[in-house]
Amino acid sequence: MTEVVATNETILVVGGGISGMTAALEAAETGKRVVLVEKRPFLGGRVSQLYKYFPKLCHPTCGQEINQRRIKMNPNITVLTMAEVTGLEGEPGAYTATVKLTPRYVNDNCTACGECAKVVEAEFDNEFDYGMSKRKGAYLPHVMAHPMQYVLDPRIIGTDDAQKAKEACKYDAIDLDMEEREIQFPCGAVIWATGWKPYDAAKIQPYGYDRFENVITNVEFERMADPKGPTGGKIIRPSDGKEAKNIAFIQCAGSRDRNHLFHCSRICCMASLKQTHYVVDAYEDAQVTIYYIDIRAIDRFEDFYQNVRAMDNVSFVKSKVANIITDKDGNPICRGVDTEGYHRYENTHDLVVLATGMEPSVSKSDFPVDIVINREGFIEPDPANGGVFAAGSASDALDVNRAVQHATGAALKAIQVVNRVAGAEG
Amino acid sequence: MSDEKKFAAFICTGCGIGDRLDVKQLEMTATRDGKMQSCQTHEMLCSKEGVAMIQNAIDNDGANHIMIAACSRRAKVEAFHFPTVAMSRANLREGVIWARPEGDEHQETTQEMADDYIRMACAEVRFMEVPEPSGEQGEVKNILIVGGGVSGMTAALEAAAAGFHCHIVEKEGQLGGWAAKWHKRIPFRAAPEGTPNSLTAHLPEPVDNDVAELIAQVEANDKITVHLNARVTRTSGAPGRFSADITTESGQTVTENYGAIIQASGWKPFDIDSLPEYGHQHPDVVTNVELEELARQAGDGPIKRPSDGKEVKSVAFVQNAGQAADKEGYLPYHSGIGDLVSIKQALYFKAQNGEDCDTTILYNNLRTPGAAGEDFYRSGQQKMVIFTKGEVNEVTSGGNGATVKFKDKILDEDVELAVDLVVLDIGMVPNSGPDPYAANESIEDMSDEDQQAAKEEMASETAVTVESILNLDYRQGTDLPQLKWGFTDSHFICFPYETRRTGIYACGPVRRPMDIKQAQDDATGAAMKAIQAAVHAASGEAVHPRVGDLSYPRFRKEGCTQCKRCTVECPFGAINEDEERYPQFNESRCRRCGTCMGACPVRVISFANYSIDTVGQQLKNVEIPDEFEEKPRILVLACENDAYPALDQAAMSGQEISPWARVIPVRCLGSVSLSWITDSMNSGYDGVIMMGCKRGDDYQCHFVRGSTMAAERMRKVGDTLQTLNLEPDRVVVHEVAITDIERAPRLIKEMEEVIERVGLSPFKF
Amino acid sequence: MAKYEYSYYPGCSSQDGASSSNLKRSIETMCEELDVKLNEIPDWNCCSASIGYGSGGVLPRMSLSARNIALSEQHNPGQDIVATCAACWLATKEASERFKDDENFFQEANTVLAEANLKMTNQTPIRHMCEVLVEDIGYEKLAEGVKKPLEGVKIAGYVGCQTNRPFGIAGESFENPMYLDKMVESLGGEAITTYEKKVQCCGGALAFSEPEKSQEMIKGIIEAAYDNGADMIATPCPLCQANVEIYQDQINERFGTKFEMPVVYYSQLISVAYGRSAEDAALDGQIIKAKKLEDIASK
Amino acid sequence: MSDMNTAMVEKYRNDFLKEVEANVEEGHWVKMCMQCGVCSGSCPLGPHWAHPPQEIFMMIRAGKRDEVLSSDSMWMCTSCYNCIVRCPRELPITHIMHGLATYAKRLGLAPKNQPTSQFSEIFWNNMMKRGRVNELKLGLSLYFKDGFSQGIKNALANQKLGMNMMKAKRMSPAEFFGGHGVKDISGLQKMIKKAEEIELAKLNANK
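Residue numbers (my numbering), protein chains in the order written: chain U, 1 to 426; chain D, 427 to 1191; chain X, 1192 to 1490; chain R, 1491 to 1697.
Heads up, none of these hints are tricks.
Label pairs and their in silico Cβ distance ranges:
id	chain 1	residue 1	chain 2	residue 2	range
1	U	D285	R	L1693	58 to 68 angstroms
2	D	S560	U	K203	56 to 66 angstroms
3	U	D366	D	T626	24 to 34 angstroms
4	U	E3	D	G599	55 to 65 angstroms
5	U	D285	X	G1420	28 to 38 angstroms
6	X	D1475	D	T626	49 to 59 angstroms
7	D	T626	X	D1327	32 to 42 angstroms
Read the hints as simulated data drawn from the structure, not as lab findings.
A quick note: this is a predicted structure, and the numbers were derived from the prediction, not measured.
Cβ coordinates follow ideal geometry from the N, Cα and C atoms, glycine included.
Next up, chain U with everything else stripped away, as it sits in the complex (with noise of 0.2 angstroms):
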């Protein structure tokens, strides 16, 4: 297990994803230590489960590459991964940090060559395909992860899969005897980047996710657009396996709305519009459907929103949808009111898509130390917050592109608090 050495110029960053890493990277970058602190087996968070990002549509994995090699080349970080603070004591300058670590059951012996896969027979629900794979109990998070290392999932320790991996290794990489065990080691600054979860669309009661097999949210639909996601990249129902070429998407599932979430998620929209090219790409005979409230294709990114308006396969309701039903096909039906001019449908789709919004992922009650964060759970920046600076999605429903910004902007105030201290020790 790595070694943490840190003294009260380190700069602790919790979370691993494109908004921990990018603050960890800018940190370390110019030249301070920091211990990177991710409670999954790989970095790279939600970013890592997307297809493309817009507006551009170009892979997030290009930007995962580089920034994977920067702390792969950089040795003023540390990352844990599987872990997670679970303690934040002291003041500015002189915190002491208390990390859960989990077992993974393989040490960094690990060459990723696969043999444990090979014979280990439980299969458990793919969490980075969103269950809508499988994988084995040992296994690889993603062909992309770092550290590039397998993982035991510890529903088969105590089983005989555990003992075939374990003798399936040839260099003594499994380890059935780690433990769960808690370190502590001092930090001057922290930065808290634990970003945001998709907001659990079964809440959505009207929309019968929890009902209809062919009513999935947006990040189960960026799965499916990947090629290496659970169909192969191919666009399909759920139910059926039938090419789903009519597609509905619901804007504001659980956004805007005192029942859910009171915020807009603000990368929805956009979201939408960028999944609408994934149809049209995939089907020259696609029709697609997006019910919003407002369009919000933020600034300069309009553009992108005008010309997917212009497809002809592509429609847009202004309507919230009021609630989905389904036909004896499994066909879903959104019911609602076009509110131009007040129109009634009720629509007929392959397969609808809902633009489920962000929430944070740490609760309140969750933090190892008082935040000041505001209705929804954001952090807010506050002086009260003493050391800790929130980084991404972790202080607002944000873009990748605004997350990294932002992050930026984190890594240097954690600066000026470590480099006070250098200061006065030095």
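Knowing the structure of chain U, use the given hints to seat chains D, X and R on it.
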């Protein structure tokens, strides 16, 4: 380090390499063909023991050039980290055994592949040197900030708080920019934790303008020097040694050195007078910028209409006036914050003119994003601001007040609304200097004569209309290149501070339209990057994306023909020409992509660890079987950031890669020298594939134009092939994304088919 | 002493000779079996349901509920008010919530009550009988007392509107409440959990004033039950029961359908499953006989 | 209150919105509507509304006083509460619709012969007589609301239904003579009178 090169090879036999390949043969290849002075194997080279073995060879045997044959150069980077020596890596795992099926029938070709990769890596390292910093720059903890608005001031305060000195250059007579003129500002924060959803809940309201406080902080900060009524009249040098002339209106000039530069030159309001349908010519039709002035003049009292001074009792806000439309004379984008501004201003009226002042906002798509935005929308509604989706056709006036003609999209009817005052939500236009590439890019498709004419016309136009902000004395123009519509934003989503002029970062509304909150966040990020650029320049390291790279371009002066291709093609405008018209590389401006190397027709440009030879010798050291063996050879030059990882991942996910392919990662396709192509053709390769990033408007090349340059250069390769009597199909350039895991191997397969069709190369000797 | 005791608000339609008198009869049987004692609020009055608004303003309407609350406080102190009619429950609960939210309004209501020498503190929880079953008794307990499981009876649980919205039962979803299905399963019956019209409006009071429009919706409710293979529809709401059951003749005439779908109350299901007679379960109150239940009752 | 009817209402001014706030149950919420249309799409009788709720809210804000108050739309509300639970802005739409109906009827602007409006009135009067609803009389009043001959026709049309109900003991002819009621009917009636007085006083104060 001693001058003598001492070569050592290390071969890993783990991960199946030892099972699948004849390791003895590999060792022999390394020592005999690869001329390595020693060769050691280890069953797990990345283990502590394996790494110790290598370290021992370096420390005790004096090995200073090492070749590691194991997994991909992308794997086990932390383990194989030997910064003091030159190192090459032969990719036997992802590149060979994982890319090829098992079985006797494949054994021969698989072993050949592995042997070739060993030869290639040995050849590469033989021609490599350990890069060392040039020492051309020192540590300069001084930052130049152009623009004294909120963005510039924030950048200065944040950089100062990290220990850097800052000079702010402001063209006006006072700090603060537009924001200082606002009556109040949009709230930054959403409703606090615990706020109930009730009609009377306290939601965010317009906040008192606090720019004056910011100005006071700047003025009180002893690390910040402010130059008012001043402009930057000349900027030269490079990160770590920028020199700028700051000239005041009175003509006095001071010159100072800077480590890095921040351009926070802000924005200007769109000229709505150019669109008479909005009726701005009438006194009671004002822009949202002008309304701020009216509101300030009123103090906390009622806002009066300009025509006759009557207290305003009804206001209509026309959203997106002249914005977000594909119409002649309109801005194709919108400010993104106009709806928040109008809510703020409607609330001025509710507060100052009384609750019975009616305010109607005619929006298109109401854009109040995020948590604070949506709460502010609710806040406006609570105070009875009326919102409707309306398409405004015309604003007219008969003198006092004005009438808005619009279509109410909800009620589906045409309306004429008479009000005391109409406020136009106008767009934000970036305050950029002239785009160094504007002329070239838009006229690329024209004929040569038209191009010349267009260039001249544009030159004369830009000369009168756009003033330079930075006055860079760069070979490629005076200012930062622009992305779209005059904004000097980064092209990359993951890297918002990517800049095409190293060490110079834009922030605030010159990048994209934004409000005070965003501008302050952005300025903080830009300050971070500026500080980092200064730090990197001091240590001689490259900045993003090849962070930490100490190599830099050098050239053999005696061979240089002064053709200027390098100075013209450098995507970062790094290269100037000196008085004798030789290239001046300014390495801290350089991003180490090698485009200059690829551009140079006489092959005089090189990097310590990346040169014509480090690649050229690799391809020459591949064994080319004679034609009777019927084993073609396909050279693949793959961009190390996208295509190479795609091939790696293809192997990892079980895809086969052609046994005829020999893949060489390159920094960028822009660095590919034509000589490599002709050399490979002459050596008997049957095909060459270049895999680079997407080009065009949505280019994905991290060195901006490298991929484009390669494609352009290769267009001319056809002629060369023809003189050699070779089919042009033998050399292709593909755009390959990192996600092309299935496609990348398929492209190689397609080349196999081409070779099958046109036959093997006649140049096999 | 009974295990559970509540202040009972039966409502106008449950009275003898009124349209859901069978609800009250079966509720009483069910409560006997479950050891629930119901103390009727003395001299209770109409809640004005959801249709009184044409003539009654907010305060007059809510005052009606205030009187019932006040009477309950006075005569059945400390007992939760339990209603069996959706409209009664909704109107009373809504009034109670409104009094809580708006102190001024609460004072006004007490001023009004003073006219009849009454006053209320408005501390009494207003509950639906289904909440009592789900929260106080529980499905497990409910299953324990079953003597004659409703084996093989396919039941479409029709929750309707006002038992479900805006308050709902036991935190269940407004769109897909499951408690009726769970009750049916506890009783050994076969719940049609996919019954898609379970929360479809039957027209409510508009069944009287807008019969054509309402009957179209009722038709959908019955049709879906047939499509799902239901033997009968079960509901907690007296107005739903009446609207869905009694107009089937007229619907058949209007639309050429051949509906003959029994519509029963959950309380009838429980009474039968607990071994009581068809009469005790008030099955004689059915216009369309619930044959399968009668058969079980007579076994 | 007839002077209210002649009030001059300008377009997109807050006059009518304020009038609604002051006089209509839960009227304060109208301004919070964000025109998403969920209420309109959720209404089971939606197809029969000339102006669905969200449009009515927009009309109120646009100052379309007469069109709103004389509309029969609000009378289409079945009180199913779908709109309330789905509204992303928590507008108590059912109540606002009831409130608008009440207000329109008070002002005499509600459409004449609107069946639900008439039924509502009949219901209230029926209930106020004895404090509990007399279903038999309620049914009969409804049948005969448009005169004797229409009433006979209606009664005949529903004859079978009535017989069925009687057979099932769910309708009693005895109800015609007296029937159920509260004992303290005078107390109840005094209460309602008081409530009406308080409400009217408030409305007059708003004028």
